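Undergrad: Take a look at the letters that make up each chain.
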Amino acid sequence: MKLAASAILLIALLQSPASAVGSEPGIAITGARVHTLAAAGTLEDATVLVRDGRIESVLTGEPVPDGYAVVEAAGKVVTPGLIESDSSLALVEIGGELTTVDSLVTEYPSGAAFDVRHALNPAAVALAVNRRDGVTAAVTAPTPGNDPFAGWGAVVRLGGDPLLVEPEVALFASIGAGSAVFTGGSRAAVIQRMRRGLQMAGTYRQNRYRPGPGDFSHQDLAALQRFRRSGAPLAVTVDRAGAILEALALAAEFDLDLIVIGGAEAWQVADRLAEAQVPVVVNVLANLPSSYDRLLARHDNAALLHEAGVTVTFTASDANNVRKIRQMAGNAVAHGMPWDAALAAITRAPGSVWGLPDGTGTLAEGAPADLVIWSGDPLEITEWAEAVMIGGAWQDMSSRQTRLFDRYRDPADPDRWYR
Amino acid sequence: MRPGTLSGGGLALLLLAAAGPLHARAPYESTYEPRATEPLLIRGATVLTGTGARLDGADVRLADGRITAVGQSLAAEQARVVDGEGRWLTPGIIDVHSHLGNYPSPAIASTQDGNEMTGPNAAHVWAEHSVWPQDPQFPLALAGGVTTLQILPGSGNLFGGRGVTLKNIPARTVQEMKFPGAKQSLKMACGENPKRAYGSRNQPPATRMGNIAGFRAAWAKAQHALEKEAARAVNASADTDDGSAEAPDVPPERDLGVETLVGVLKGEILVHNHCYRADEMAWMIDVASEFGYEIKAFHHAVESYKIADRLAAEGICSAMWADWWGFKLEAFDGITENVALVDEAGACAIVHSDSATGIQHLNQEAAKAMAAARRQGMAVDEARAIAWITLNAARALEIDAETGSIEVGKAADLVLWSGNPFSVYSRADLVLIDGHPYYDRPAGVRPVTDFELEQTVNGGGE
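Residue numbers (the working numbering), protein chains in the order written: chain D, 83 to 501; chain S, -11 to 450.
Wrong hints could be hidden among the right ones.
To be verified - In silico contact screen, one side only, chain D against chain S (beta carbon under 7 Å); selected entries:
#: 1; residue: S139
#: 2; residue: G143
#: 3; residue: G177
#: 4; residue: L370
#: 5; residue: L377
#: 6; residue: L378
#: 7; residue: A416
#: 8; residue: I463
#: 9; residue: R485
#: 10; residue: D488
#: 11; residue: Y490
#: 12; residue: P496
To be clear, the hints were calculated from the coordinates, so they are not data collected in a lab.
Please read these numbers as outputs of a predicted model, since none were measured by experiment.
Every residue gets a Cβ at the ideal spot worked out from N, C-alpha and C, and that includes glycine.
Sequences are here, hints too, so could you generate the full structure?
TA: See below:
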């Protein structure tokens, strides 16, 4: 038996938001194949019980207990909500319109002191657009401005209030020809500046420091000091294999948790990354030798990293189109990554890599109830999300784009255009 | 005697008499030579013909670079049999909007040759003169099943210059890649790009009305040149008729930009018009009507769905993305159902890439556009959607008599996929251009450009 998404929504509308602890009826999603991404693995004809915004349990072969609103999902597939690992969602509305771009600063405060959390836009149109395609959370990060340290990124959710899930999930930086522009042209100078900043942050005191031209500002050193004390990871956009090793050395020297973003040539140093337990955020489709930092880019980078034991997550490297992470995962499978690992790379793995609350990206007991009911194989681009739940609440599946579709479904009907 | 001392007519005579075949062709013409091929019978594949049909378990026979038979249980005759069971066969993928070769990888200053932004009317430049045939992106596109692609100049100008249609083959020169007989195109661009590029320099155009004025002024000049040419032809024949001995005038000095626009007015060059917004497309249709030319396709046409009825009536193709949107205001109304809505309205719908990444999986882009429509309850199947990246694209380039579908007599430009090409898990196994297997994944056959040697993974770098 099939249940249309509209019917699921109808059920959702009968509920009030799952806020009053203990007083709400639970939700039981029955009959689907459920990928828990947790110890229970993948279960057929399973029942997912949700209560108070959390996964209560996932059952098989048992009747639905009383007190649950049942959503029949036979023939469907349930997964945790998808998580994008490196976007500028809710920071950039229109990339070409600078008044809507808050991911980038080229003047003060441009380095480690920059924190995107203060510009997150809960009205961003892209939130509903991407939520409709099963994305429930995203890392949103600064773009390098004029320092190898770009600033602090955050994690947002694509439905519910507040938008911000976790601030300061990592300090972002970049090593490559792009950031070498800020340091006089050499990648070596990038490493030197990063090392100097981290060293100085160790002993920085406001009243004993007088920055000269080109030195770190007070704000940036204070931020680097806070970073070193926080234990937050350093997320470095870096593609070239040699530069990745430099980043590993830096992380070892300062006892930092490192996350590699991009990592086009990471497959070359996969064993070293695995040994250091450094995860890599891969754009699976970015296989072009498009710069001298990434001449050895390849389509099966994710598969090779996974095989070596590296934790991999995916990014669509975009603001408005983070929904493409599902296509990334499918392509990773087409190029040799096991299907389960590719699904994990857009669910469980980002939850752990970015230090999100326990269970995020899984359907383990007690995990936040962020999940998607799919029409079929969630990694297959011809299937789609039929219902999306964030924090235990079913989400509105319309967006500005579905409204445009409705207006122009029959383009010759003028009565539809202005409603 | 040095040829330079001869008049043009004398030079031509000399060349014809003495120089041999190297100079017998017109300058800039294609020197493409089909490679020798082996007769093949692809047996038992699911065939999407590009013309709307799906043939299950069908056979396709090829000889001498052409499709010679399509049917069930064909005799192999002398052909080598390729097992297509479980695999899908489609026409070669055609991308109507690419910058491979003129925006190659690596994307460094010394290679970025796609946009002659030194004045808003660059109708005099030809994209083919910027194409670097050693761009490593060509073999990557081939691995995605792309057999033919149009290389366009960029969109910073009102008139970007002439585009060229290439076969995606490894070659030493661009002429060797040029699709024989394919017309050149004229790239025009509406909207934000030209007005931003020049308005920011305090040069015209600075506004959308400046854009339209710039188009019209150039077309008026070309129209005048065409009228003068016609008048000269009349005068020349009148001179002959009355037997007057007066020598004909020396023709006016050539204006390369005007030549391009005149070529459009004569129907020798096809207009491909970058235009996002529906209202601007409507203005461009008026400009075309004023000066009497056709628009073959609007590119990046994210708002075509708003005027799909109008585009169907005008016979103008729309080249669209599956889901890219919002990167600038004129792309903000992009919706994933655009392609299917245009198709359903009876207009020519094309999925294009404008991207060296996207061109590698145009099958997936078409699949996403198909799925978005199905999700809304629209009836679209693979047999129909494959035309978005094959036959409809060929129509926009006016090469549909030669390629773009699986029909007897057409070029054997084909892709044998490991499975349904609308599945994310499928990959091109075999890519044939004029029957030659330039890419054969199971056999490890793929081109490697000079640049790649010891530098990229494809070139053996490590």
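Undergrad: Work down the list of hints and note, for each, if the structure agrees.
TA: Going down the list of hints, with the structure as the test:
For the restraint placing D:S139 at the interface with chain S, the shortest Cβ-Cβ distance is roughly 31 Å, beyond the 7 Å limit, so the hint is violated. With a least beta-carbon distance of about 31 Å to chain S, the hint placing D:G143 at the interface is violated under the 7 Å criterion. Given hint, D:G177 at the interface with chain S, holds; its Cβ is 4 Å from that chain's nearest Cβ, closer than 7 Å. Hint on D:L370 holds. Least Cβ distance to chain S is approximately 5 Å, under the 7 Å limit.
Contact between D:L377 and chain S, as hinted, is supported at the beta carbon level, the nearest pair being about 5 Å apart and thus within 7 Å. A hinted interface residue such as D:L378 counts as satisfied when its beta carbon comes closer than 7 Å to some beta carbon of chain S; here the least separation is about 6 Å, so the hint holds. With a cut of 7 Å, the hint placing D:A416 at the interface with chain S holds, because the nearest CB-to-CB distance is about 5 Å. A distance limit of 7 Å between C-beta atoms decides the matter here; for D:I463 the minimum to chain S is near 5 Å, and the interface restraint holds.
Against a cut-off of 7 Å between C-beta atoms, the interface hint on D:R485 is violated, since the closest Cβ of chain S lies about 9 Å away. Against a cut-off of 7 Å between C-beta atoms, the interface hint on D:D488 is violated, since the closest Cβ of chain S lies about 9 Å away. For D:Y490, the interface hint holds, the least distance from its beta-carbon to any beta-carbon of chain S being 5 Å, beneath 7 Å. Nearest Cβ of chain S to the Cβ of D:P496: about 11 Å, over the 7 Å cut. The hint is violated.
The structure shown violates the earlier hints numbered 1, 2, 9, 10, 12.
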